[in-house]
Amino acid sequence: MKPAPFDYVRADSLPEALAVLKAEGSDARILAGGMSFMAMLNMRLARPKVLVDIMRLEALATIELRKGEVVVGAGVRQARLLAWEGLTGHLPLIAKALPFTGHAQTRSRGTVCGSIAHADPSAELPLCLMALGGQVHLASAAGRRKVPAEAFITGMMATAKADDEMIEAVSFPVVQGEGTAFREIARRHGDFAIVACGARVSARGIRLTVGGVADMPVARDLPPLEGTALDDALNALAFELDARDDVHASARYRRELVRRIGRATIEEARRCRA
Amino acid sequence: MPRLSADQRHEVRFTLNGHPVCGRAGPRLLLSDFLRHEIGATGTHVGCEHGVCGACTVQVDGMLTRACLTLAVQVEGASVRTVEGLAPEPDRLSALQAAFRRNHALQCGFCSAGILMSLDAFLKAHPEPDEAEIRDLLSGHLCRCTGYTPIVRAALEAAAEIQNSQRELTQGETAHA
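So the sequence lines, in the order shown, correspond to chains A and B.
Sequential numbering from 0 applies to the first sequence in numbering that gives the first Met the number 0.
Sequential numbering from 0 applies to the second sequence in numbering that gives the first Met the number 0.
Calculated from the structure, these hints are not laboratory results.
Just to be clear, a hint being listed does not mean it is correct.
Example chain B residues on the side facing chain A (calculated, C-beta under 7 Å, incomplete) [said to hold, decoys possible]:
(1) SER4
(2) PRO26
(3) ARG27
(4) GLY50
(5) LEU68
(6) LEU136
(7) SER138
Residues from chain A shown here face chain B by an in silico Cβ test under 10 Å; the list is partial [claimed, not checked]:
(8) PHE5
(9) LEU50
(10) ARG106
(11) ARG243
(12) ASP245
Derived SDA-like pairs (lysine to any residue); straight-line CA-CA distance at most 20 Å [unchecked claim]:
(13) LYS123(B) <-> ALA82(A)
(14) LYS48(A) <-> HIS9(B)
(15) LYS1(A) <-> ARG27(B)
(16) LYS160(A) <-> ARG143(A)
(17) LYS48(A) <-> PRO4(A)
(18) LYS1(A) <-> GLY39(B)
(19) LYS123(B) <-> ARG79(A)
(20) LYS48(A) <-> HIS44(B)
(21) LYS48(A) <-> ALA5(B)
(22) LYS1(A) <-> ARG8(B)
(23) LYS160(A) <-> VAL70(A)
(24) LYS1(A) <-> GLU37(B)
(25) LYS1(A) <-> ARG35(B)
(26) LYS48(A) <-> ARG8(B)
(27) LYS1(A) <-> CYS47(B)
(28) LYS1(A) <-> GLY22(B)
(29) LYS1(A) <-> VAL151(B)
(30) LYS1(A) <-> HIS9(B)
(31) LYS123(B) <-> SER138(B)
(32) LYS48(A) <-> GLY46(B)
(33) LYS48(A) <-> ASP6(B)
(34) LYS21(A) <-> ALA45(A)
(35) LYS160(A) <-> PRO14(A)
Backbone N, C-alpha and C fix where the C-beta goes; we use that ideal spot for every residue, glycine too.
So here's chain A without its partners, still in its complex pose (with noise of 0.2 Å):
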């Protein structure tokens, strides 16, 4: 359980780090937090040949209120966004959704970029990121881009991020009007979600993201449904989501969560809307 080797770079600005990754591409991976991507070193499941660690970029870390969306920078740790004053007003869904991120033995290193770069499909993160129809910043040398959550994400741990481009912030933004609601269910608190549900109510419908089930966060858009009628649109999106067997839970349960806490969720949610 020791990380093969590797060269580590300490970035001393954001052009340094962005030259190491165009130079070794592939064999290059950013350091942010690292508590998701140590447990990957120490395992071996990623050998790369040089770390950049950006923790020092005191420019990534910052939290932006700007044009209805907050921009929150790669070296923000979750404990700061956590802490952040605005959260609750402008990003109810992520206030109520990142306790249940790692423990608070890891959200005071962890990042929110990282986690978003992470890619895990139980992470509540990315759920958040796909729930609110966020943006990922991503910097290379060659320039910059905006990729929105969809396009973002595009499978197990895997990502529209090419290996000369780091993440330099993801953008949420801010909506006002809506109820919001996170539950979650997981064999010990903090631990990965086996299911985890963000739902979005408004005055139009219903937006429902589900985590854990599928290789992704997948959000879906709904009609203000009631009664059986949103029994039956949650059971077509239960099998649609293709849940598996593993040693956490089986698929059936899986779809069984998604029914229930599925509705919990967009209930409480209105109730919050009221």
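For this one, chain A is given, so just place chain B on it according to the hints.
Chain B alone, transformed into the frame defined by chain A:
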């Protein structure tokens, strides 16, 4: 921009429990192994080595940190606190450690160093916690002996005791003024 090469050991300087220390580490050396094998501070324990069990939890610049998910070279210039820094004097336990002893909050003691570091940081930020908050914090640690209940009891008792002693301290100061 320093680039530390994989096949060499590099000097790492940091503060450990208030004292400046220096050791040599290759880039891939984990902070947990660096503390134990290079610095000789064996109070920090190593359990799962992938961030799940919490035994290696230390404080780096005030942040709770899994030492097994941190590289030694990352703490260059940082201030690290480990379980060795908790006792005020060699023959006296801190209020938290004494409460652990009174309440049988440890049996084999393997998980204790990490749990103590978590609770030490937590009680500083939340001086009057309730049981639910303590249990939420302890979800980041595995203890296979105690069933956690004595740990929760010890944490609540220590929090009350620290509060009381601080109150007496401020009252004492007012009396002298």
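Now the hints, each set against the structure:
1. Below 7 Å, beta-carbon pairs count as interface contacts, and SER4(B) has one with chain A at about 5 Å; its hint therefore holds.
2. A distance limit of 7 Å between C-beta atoms decides the matter here; for PRO26(B) the minimum to chain A is near 4 Å, and the interface restraint holds.
3. Using the Cβ-Cβ criterion of 7 Å, the hint placing ARG27(B) at the interface with chain A is satisfied: the shortest such distance is roughly 4 Å.
4. Below 7 Å, beta-carbon pairs count as interface contacts, and GLY50(B) has one with chain A at about 5 Å; its hint therefore holds.
5. Interface hint status for LEU68(B): upheld, as the beta-carbon distance to the closest one in chain A is roughly 4 Å, under 7 Å.
6. With 7 Å as the threshold, the beta carbon of LEU136(B) comes within range of chain A, its nearest partner Cβ sitting at about 5 Å, so the hint holds.
7. About 4 Å separates the beta-carbon of SER138(B) from the nearest beta-carbon of chain A, less than 7 Å, and the hint is met.
8. A distance limit of 10 Å between C-beta atoms decides the matter here; for PHE5(A) the minimum to chain B is near 5 Å, and the interface restraint holds.
9. Taking 10 Å as the C-beta cut-off, the interface hint given for LEU50(A) holds, the closest approach to chain B being about 7 Å.
10. This hint holds: ARG106(A) has a C-beta 9 Å from the nearest C-beta of chain B, less than the 10 Å allowed.
11. Among the interface hints, the one on ARG243(A) is violated; its C-beta lies about 23 Å from the nearest C-beta in chain B, farther than the 10 Å criterion.
12. Interface restraint check for ASP245(A): the shortest CB-CB distance to chain B comes to about 17 Å, outside 10 Å, so the restraint is violated.
13. Simply put, LYS123(B) and ALA82(A) have alpha-carbon atoms about 16 Å apart, close enough for the 20 Å limit, and the pair holds.
14. Proposed proximity of LYS48(A) and HIS9(B) is supported: the alpha carbons are some 17 Å apart, at most 20 Å.
15. About 8 Å separates the Cα atoms of LYS1(A) and ARG27(B), which keeps this hinted pair within 20 Å; it holds.
16. Proposed proximity of LYS160(A) and ARG143(A) is supported: the alpha carbons are some 11 Å apart, at most 20 Å.
17. Straight-line distance between C-alpha atoms of LYS48(A) and PRO4(A) comes to about 7 Å, which keeps the hinted pair within the 20 Å bound.
18. With a C-alpha separation of about 19 Å, the suggested pairing of LYS1(A) with GLY39(B) holds against the 20 Å cut-off.
19. Proposed proximity of LYS123(B) and ARG79(A) is supported: the alpha carbons are some 17 Å apart, at most 20 Å.
20. Between LYS48(A) and HIS44(B), the direct Cα distance comes to roughly 28 Å. Violation of the 20 Å bound is thereby established for this hinted pair.
21. With a C-alpha separation of about 8 Å, the suggested pairing of LYS48(A) with ALA5(B) holds against the 20 Å cut-off.
22. Between LYS1(A) and ARG8(B), the direct Cα distance comes to roughly 16 Å. Compliance with the 20 Å bound is thereby established for this hinted pair.
23. Between LYS160(A) and VAL70(A) the CA atoms are separated by roughly 18 Å; this keeps the pair inside 20 Å, and the hint holds.
24. The hinted pair formed by LYS1(A) and GLU37(B) meets the criterion: a straight-line CA distance of about 16 Å does not exceed 20 Å.
25. Taking the CA atoms of LYS1(A) and ARG35(B), the gap is near 15 Å; set against the 20 Å cutoff, the hint holds.
26. Annotation: proposed proximity of LYS48(A) to ARG8(B) holds, straight-line Cα distance about 16 Å (limit 20 Å).
27. Taking the CA atoms of LYS1(A) and CYS47(B), the gap is near 11 Å; set against the 20 Å cutoff, the hint holds.
28. Proximity of LYS1(A) to GLY22(B) is assessed by CA-CA distance (about 19 Å); at most 20 Å being required, the pair is judged to hold.
29. Using a Cα cut-off of 20 Å, the hinted pair LYS1(A) and VAL151(B) is violated, with the two alpha carbons roughly 33 Å apart.
30. Annotation: proposed proximity of LYS1(A) to HIS9(B) holds, straight-line Cα distance about 18 Å (limit 20 Å).
31. For a cut-off of 20 Å, the pair hint linking LYS123(B) to SER138(B) stands: about 19 Å separates their Cα positions.
32. Only pairs whose Cα atoms come within 20 Å are accepted, and LYS48(A) paired with GLY46(B) is rejected, the gap being roughly 26 Å.
33. Taken as a hint, the LYS48(A) and ASP6(B) pair is honoured in the structure, with Cα atoms around 11 Å apart against an allowance of 20 Å.
34. Note on LYS21(A) and ALA45(A): the hinted pairing holds, with a Cα-Cα distance of about 19 Å set against a maximum of 20 Å.
35. For the suggested pair LYS160(A) and PRO14(A), the alpha carbons sit about 17 Å apart, so the restraint of at most 20 Å is met.
Of the numbered hints listed earlier, those contradicted by the structure are 11, 12, 20, 29, 32.
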